[in-house]
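**Student:** From first to last, the protein sequence lines stand for chains A and B. Residue numbers for the first sequence follow the working numbering, beginning at 33 and rising by one. Residue numbers for the second sequence follow the working numbering, beginning at 3 and rising by one.
Check before you lean on any hint, since a few could be wrong.
As the list claims (entries may be wrong) - Below, simulated DSS-like cross-link-like pairs (lysine-lysine); rule was C-alpha separation at most 30 angstroms, straight line:
#1 B:300 x A:42
#2 A:229 x B:42
#3 A:229 x B:40
#4 B:439 x B:456
#5 B:327 x A:229
#6 A:229 x B:190
#7 A:115 x B:195
#8 A:116 x B:233
#9 A:42 x B:79
#10 B:354 x A:42
#11 A:229 x B:26
#12 B:98 x A:42
#13 A:116 x B:195
#14 A:229 x B:195
#15 B:32 x A:229
#16 A:72 x B:190
#17 A:72 x B:195
#18 A:229 x B:398
#19 A:115 x B:162
#20 A:202 x B:60
#21 A:72 x B:42
#22 B:79 x A:202
#23 A:116 x B:190
#24 B:83 x A:42
#25 A:202 x B:83
#26 B:300 x A:202
Quick caveat, the hints were computed from the structure, so don't treat them as lab data.
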Amino acid sequence: MGNTQSIRQKILADIRLALRDVDQLAVASPVVESSLVFRKQDEGLADGFVRVFMGIDGRVVRCENAVQLTAKLKALLERRNWKKVAIRSLLLEEFGAQPDVWRPHTEGTDNIEHIEVGITDCEYLVSSTGSIVMSAAQSAGRTLPVYVPVHIVVARESQLVQDLYEATRKMEQRYEHDYPSAWYFMSGPSRTGDIEKTLVLGVHGPIEVYVFLMK
Amino acid sequence: MRTREQIFLRQSASKVSDLAHRHKMNHALKQSDDAFEKGKALFSDLELARDRAHAIKKETVEHLDTYLCEFEHNFTKRGGKVIWAQTPQDARMAIKEICSTYRAKTVVKSKSMVTEEIELNDALADVGIEVIETDLGEYIQQLSGEAPYHIVAPSIHKSKEEVAALFVDELDAAPGLRPDQLTRVARKVLRKKFGEAEVGITGVNFLLADIGGMVLTENEGNGRLTTGLPKVHIAVTGIEKVLPSVHQLALFLPLLATHGSGQHLTVYNSIMTGPRKGDEIDGPEEMYVILVDNGRTKLLADSAARESLYCIRCGACLNTCPVYKNVGGHTYDTTYGGPIGSVIMPHLGGLKDHKHLSYASSLCGSCSAVCPVRIPLHNLLLYNRQKAVENRLNSKLERLAIWGWKRVMLSRKLMNAGGGNVKNKVFALTMGGIWGKDRALPVFPQKNFSQQWKARRQNG
Chain A
33 MGNTQSIRQK
43 ILADIRLALR
53 DVDQLAVASP
63 VVESSLVFRK
73 QDEGLADGFV
83 RVFMGIDGRV
93 VRCENAVQLT
103 AKLKALLERR
113 NWKKVAIRSL
123 LLEEFGAQPD
133 VWRPHTEGTD
143 NIEHIEVGIT
153 DCEYLVSSTG
163 SIVMSAAQSA
173 GRTLPVYVPV
183 HIVVARESQL
193 VQDLYEATRK
203 MEQRYEHDYP
213 SAWYFMSGPS
223 RTGDIEKTLV
233 LGVHGPIEVY
243 VFLMK
Chain B
3 MRTREQIFLR
13 QSASKVSDLA
23 HRHKMNHALK
33 QSDDAFEKGK
43 ALFSDLELAR
53 DRAHAIKKET
63 VEHLDTYLCE
73 FEHNFTKRGG
83 KVIWAQTPQD
93 ARMAIKEICS
103 TYRAKTVVKS
113 KSMVTEEIEL
123 NDALADVGIE
133 VIETDLGEYI
143 QQLSGEAPYH
153 IVAPSIHKSK
163 EEVAALFVDE
173 LDAAPGLRPD
183 QLTRVARKVL
193 RKKFGEAEVG
203 ITGVNFLLAD
213 IGGMVLTENE
223 GNGRLTTGLP
233 KVHIAVTGIE
243 KVLPSVHQLA
253 LFLPLLATHG
263 SGQHLTVYNS
273 IMTGPRKGDE
283 IDGPEEMYVI
293 LVDNGRTKLL
303 ADSAARESLY
313 CIRCGACLNT
323 CPVYKNVGGH
333 TYDTTYGGPI
343 GSVIMPHLGG
353 LKDHKHLSYA
363 SSLCGSCSAV
373 CPVRIPLHNL
383 LLYNRQKAVE
393 NRLNSKLERL
403 AIWGWKRVML
413 SRKLMNAGGG
423 NVKNKVFALT
433 MGGIWGKDRA
443 LPVFPQKNFS
453 QQWKARRQNG
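Extracted from the complex, chain B is given alone in its bound form:
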């Protein structure tokens, strides 16, 4: 059996030479870049805004227990229910139990990466519940039986022709529809599902400790229908999503929107503080918030990696990453792709199976430069590599190569040994495989540095 690393390498190699893929990704990500540049205009001082966001998340994460308990106290006070889940299984069990209590046959979902993480859809399907993703991109992915390709733009890798063909096959739509027509088709199909569903499941963008609420950010309106029509609303979130105060949304919502989609604000930002109150005309009878740990307390315990819990899942680091652009979202084969995924997955899913992701980086630092909460992402990638080496998870060949490199580098005699031709041959023989067949090998000069230096001094 191939290891995850071998599969990753093989997939990467095939994706980077897939020109159609590259064309689609470049087209989509160029539009993200342009929108981002425009979106920044809302800020007079984006750098200061990022500093503040970082400071707020640092304070919150370092007092996570306090803020979670404050959230829980305020949320339950108004009739909401909080369920803590240490493992994906805890979370799935709790959600299945709620669905069974309300005899749910149909569940509508708005976009949620944490439910991907806990593999909720399959678990509900196993007990005979129809689960419908209602975010258009997620719906497209569900229809094609694929995981999301991007944490913010799930179907970023599909051309409009591919989506049109999918709608013909899966929804009996007319062939050759345009994006606006395809959207109408989805609206019509999903409207019906919103009406039928007993339970609505959403993700969470922020938990608010001071008012005991949760925030949902979206552009389409599916989140609002998911939390408006069904009898029960279940919100699933990682424990790190908390903010101390509702007033901090004034900073975080524009930061999230600008970095996520280049908007000043996403169209719908909803704060839910509990189930429908007595004097309100509609809304769910019950509201649950599921607080999922799933390895986050392990991340928290690592004081170096802790900062990765500041993440607000805007996706900006994916958009800017040269590796993500070229290998694509599915190659990572993890819930979270791109730089942030490579940073956190070794902690959430195990170092052994995920350490190779931290090597899939040029350490260019573009991710750290764009992160709205200033997570030092490329430093953390390097940190994961160090951990992998400390745990002796790197290959014997790598250890041998580094040992040899160190020997040579520390010895002028060895560095000067052999002419350029010999060096070229030795390098090609030992490193050629790792270097990659599509990349030209470096060429060593005929004369080594010492010889060149001496010659220059004599001439000059």
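Only chain A is shown next, with the shape it has when bound in the complex:
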């Protein structure tokens, strides 16, 4: 690849030559604020998120406090008889959910292929689009949240933001100039319409996505 530098120079020179009719000084600063073009709903961030997220086949469990959240989460795992549960959540750790509560569920999760459920935190939740924001800086990393058949996110209502614009602004503030190598906006379970436009959930990613949303 010795000549990549010269190819680079050639392409840039071609671009500049191609644009010689453009007044290069007339730089219009691109419009960034785009919230104005989207419909506003008369509802709170949490209600909005729940409505939109359920509309794209996501599931939401609302909780009053940490105790209720851990109890509801444990009940779900038991009801569905999920045993191999990978937990990558600082929030759950913070709640001090006793290790005993979780131990029966975390056996056999060394091999990612056997995991039935992944429980993770998130960076933000986007109300208007029903999106979960995650990043590679979090302990779940890049692969686990999309590899597992069931993904459960635990979050506080304080992590809710209005729209994508607010989400990218917050990510920028949080990470300044040391961005995570990957950021994700995830809106519902994996889906496809590639066979006769028939909706099928769970193609390569999770077939079920839960958000446990705590006040």
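With chain A held as given, fit chain B onto it using these hints.
**Tutor:** Only chain B this time, still in chain A's reference frame:
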């Protein structure tokens, strides 16, 4: 040997009378239309959103060198590598070299039209690398040995029965599976491949200059596995895909999703800013972005056609196009079909071989009306026709016909010459072939306009 134009005409003629094809396309595209109508509800002012998107792309494309260099600077700062490729061969060579450095035997790919453009899969197969398409639609196309039929929905022309039969033949699946069962089969087969592959290759939906990142938009999750499991991630993109700022995604992602599939947002929108960082638990060790020119600087130099570089590849112009609906994706025999393909292919692949595509349009303007970045597509089709005529690439017969038409139109005497019967015969004789055998010829009235006008004045 037949010219591309002759093959196009022959294929078109056969597809438009293929009722099974029409039925499948109408069924699929009707669902796209319905979803699109619903998806628009996210916007309070879609027209304003399109204006803004157009303005941002205009500003970006007119300062393309600046934004590409800014992207390159910010991306390489965090350990990513940028390779510039002027020709498809440059790009293929660079990718082959990376694959050879990492001794890749298997490459997983997520959907990318630019890699179709540079014919990457064949080039990698030639050096003994197994290339697996992982987007379900692309995988179906790869299994059947076909190019994508649509830039967003690659297997839109196949019925579920056809896919089920294909899976029986190629994957030993049980016969008669439903779409959800077929999807499970593909998931299982492809999971294994994700684990084996040394290199993951993706396309790019947007490059972001300010944070030095790239965006990948998808619904299935294959893009995320492609960029999560293999040791190396190579992203291949045209140079026009850049946006100045990550914050503009707030506008562009909903526009792309709504126009592409009628969703508010696609399920997975991932921004990648480089290889795995030291404190991260997984991700590729190396990340490359290949910036492909392949004729785009030529498009850029044409100040009239430049706007076609604003395209975000949503596919909405294909969905709405009466020509695409009827002749189907393969008839175009180009990487990009539909109106946007007809506009850009003469610039990317040569006017002589592709100018006929610009004539395959009723100039109804439906494409321009739907385009989220307001590319005046049907004007550009007309512009390509003008270029073809300027370069004398149209047929002698056409030149003669236009010359004759002009003579007649400029002369009242010639227009009035001959009665209706004579005109009908002359028209059928000279234009009948071009008019098409499945279309009724227009009938000239017995009395010409002058005679009718005079008669009316006398009566009235």
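**Student:** Hints first: check each against the structure and report whether it holds.
**Tutor:** Status of the hints after comparison with the structure:
Taken as a hint, the residue 300 of chain B and residue 42 of chain A pair is honoured in the structure, with Cα atoms around 13 angstroms apart against an allowance of 30 angstroms. As the CA atoms of residue 229 of chain A and residue 42 of chain B are separated by approximately 19 angstroms, the hinted pair is consistent with the 30 angstroms bound. With a C-alpha separation of about 16 angstroms, the suggested pair residue 229 of chain A and residue 40 of chain B falls inside the 30 angstroms cut-off, and the hint holds. Between residue 439 of chain B and residue 456 of chain B the alpha-carbon distance is near 36 angstroms, which puts this suggested pair outside the 30 angstroms criterion.
Restraint check for residue 327 of chain B and residue 229 of chain A: the C-alpha separation of about 16 angstroms stays at or below 30 angstroms, so the hint holds. This hinted pair checks out: residue 229 of chain A and residue 190 of chain B have alpha carbons roughly 21 angstroms apart, not beyond 30 angstroms. With a C-alpha separation of about 26 angstroms, the suggested pair residue 115 of chain A and residue 195 of chain B falls inside the 30 angstroms cut-off, and the hint holds. Using a Cα cut-off of 30 angstroms, the hinted pair residue 116 of chain A and residue 233 of chain B holds, with the two alpha carbons roughly 27 angstroms apart.
Taken as a hint, the residue 42 of chain A and residue 79 of chain B pair is honoured in the structure, with Cα atoms around 23 angstroms apart against an allowance of 30 angstroms. Taking the CA atoms of residue 354 of chain B and residue 42 of chain A, the gap is near 26 angstroms; set against the 30 angstroms cutoff, the hint holds. Of the pairs offered as hints, the one joining residue 229 of chain A and residue 26 of chain B holds, with about 11 angstroms between alpha carbons and a cut-off of 30 angstroms not exceeded. Between the alpha carbons of residue 98 of chain B and residue 42 of chain A the distance comes to roughly 22 angstroms, so the proposed pair stays at or under 30 angstroms and holds.
Of the supplied pair hints, the one linking residue 116 of chain A and residue 195 of chain B holds, its CA atoms being roughly 23 angstroms apart against a limit of 30 angstroms. As the CA atoms of residue 229 of chain A and residue 195 of chain B are separated by approximately 25 angstroms, the hinted pair is consistent with the 30 angstroms bound. Our distance criterion of 30 angstroms between C-alpha atoms is met by residue 32 of chain B and residue 229 of chain A, whose separation comes to about 10 angstroms. Under the criterion of a C-alpha separation no larger than 30 angstroms, the hint pairing residue 72 of chain A with residue 190 of chain B is inconsistent with the structure, at around 41 angstroms.
Pair hint residue 72 of chain A plus residue 195 of chain B does not hold up; C-alpha atoms about 44 angstroms apart against a cutoff of 30 angstroms. A threshold of 30 angstroms between alpha carbons decides the hint, and for residue 229 of chain A with residue 398 of chain B the separation of about 45 angstroms lies outside it, so the pair is violated. With a C-alpha separation of about 35 angstroms, the suggested pairing of residue 115 of chain A with residue 162 of chain B is violated against the 30 angstroms cut-off. With a CA separation close to 27 angstroms, the supplied pair residue 202 of chain A and residue 60 of chain B stays within the 30 angstroms bound.
At most 30 angstroms may separate the alpha-carbon atoms for a hinted pair to count; residue 72 of chain A and residue 42 of chain B meet this at roughly 14 angstroms. The suggested pairing of residue 79 of chain B with residue 202 of chain A holds, with an alpha-carbon distance near 22 angstroms, which does not exceed 30 angstroms. About 19 angstroms separates the Cα atoms of residue 116 of chain A and residue 190 of chain B, which keeps this hinted pair within 30 angstroms; it holds. Distance check on the hinted pair: residue 83 of chain B and residue 42 of chain A sit about 18 angstroms apart at the alpha-carbon level, within 30 angstroms; holds.
At roughly 27 angstroms between alpha-carbon atoms, residue 202 of chain A and residue 83 of chain B fall within 30 angstroms of each other, so this suggested pair holds. Taken as a hint, the residue 300 of chain B and residue 202 of chain A pair is broken in the structure, with Cα atoms around 39 angstroms apart against an allowance of 30 angstroms.
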